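Residues -25 to -1, 1 to 302 in mature numbering (1 follows the signal peptide of the UniProt record, and there is no 0) are what the sequence shown spells out, letter by letter.
Keep in mind that the hints were calculated from the coordinates and are not lab data.
Nothing here was measured: the structure is a model prediction, and the numbers come from that model.
One should not assume that every hint holds.
As the list claims (entries may be wrong) - In silico lysine-lysine, DSBU-like type, Cα no more than 35 Å apart, as pairs: (1) 183 <-> 98; (2) 286 <-> 81; (3) 81 <-> 199; (4) 72 <-> 234; (5) 39 <-> 199; (6) 262 <-> 7; (7) 183 <-> 233; (8) 301 <-> 234; (9) 98 <-> 265.
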Amino acid sequence: MKSFTKKTATLAIITAISMPGIASAEAQLFGKAHLSFGTVSEDDGVTETSSTAVSSHASRVGVKGSVDTDSDTSVIYRFVWQIDMTDDAKSSADHIKSREQYVGLKGDWGQIRLGRDDSPYKKAGKKNVEHLSDTYADYNNIIDKGQDTRNDNSLGYLVKVGPGKLGLQYAAGDDDPAAENAGQSYNFAYDMKMGAIGFAVAYQTIEKSPTNDETGTKLVIGYKLGNTKLGLIGETVEDDSALDDTNMLFSIKHNIDKKNAIKFVYGTKDQGNTDDATMTALAYDHKMGKKVSVYALWTDGADGGLNDATKLAGDGSAIALGVIAKF
């Protein structure tokens, strides 16, 4: 079954690229290879362990494009698959994963998207604060991963409003009639930029069970001062059956010149009855070209600060050298 799934995904990519109708619509093949080499360690309070790791960080390949119609509205599409470039392709259940995959309509009135897509909540304000995306110091170690969703069975609307963009999305959850849309969610976000200031606000409600809704509220502020970008994000997550979370993350990106940058991140996750999880990260980034960069990263997480995204339990840490190549 796993082999069949991988062959099906590969065939879908090739078919999407080679279809005459799509090719004439200027379909674009794109992707990103992101790999690192380093050491990771974790201390769960009982045992301290470490290992050398060669890791693939959300490497992906996809096809996107648009098809003109007889009106001012065009059809848009995007299909993306995540590929683990360092895993055993014959035995891994996660060698190929589906990412955003949708079709939609686009016009002067905005965009409508139907399928699997990132929620407006997930995307809100990320450019202001997330400078270490998909690394061991991914900001979802602090910012709630359960709210930062890519939603199946979703219907979304995106439109420019004033100096920013408004995003609305409904995700139907489980569409089996017997499930009565279990897991459905509603979310919106407004993301804007005015000069050196960036701002975003987002809200999402997810039905965790018939008697329990989880809501997330996120506020993001960014400021560019010369060659330095400052970002701050605050998030609250309220759950009817659990303690509320208060998450904060601060980031700095300083461009030394056009090719070199220093990045710093510090975040805290307050979960009420436990010690606050914290994440600290420092990175040096060098651009080798328009689409290729290399980096050196150190990150440390206390009390689960690297657990949610990086999966390093307890007090975890990582030191890595990475390369990112886009096409």
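| Hint check against the structure, violated hint numbers in rising order | Violated: hints 2 and 7.
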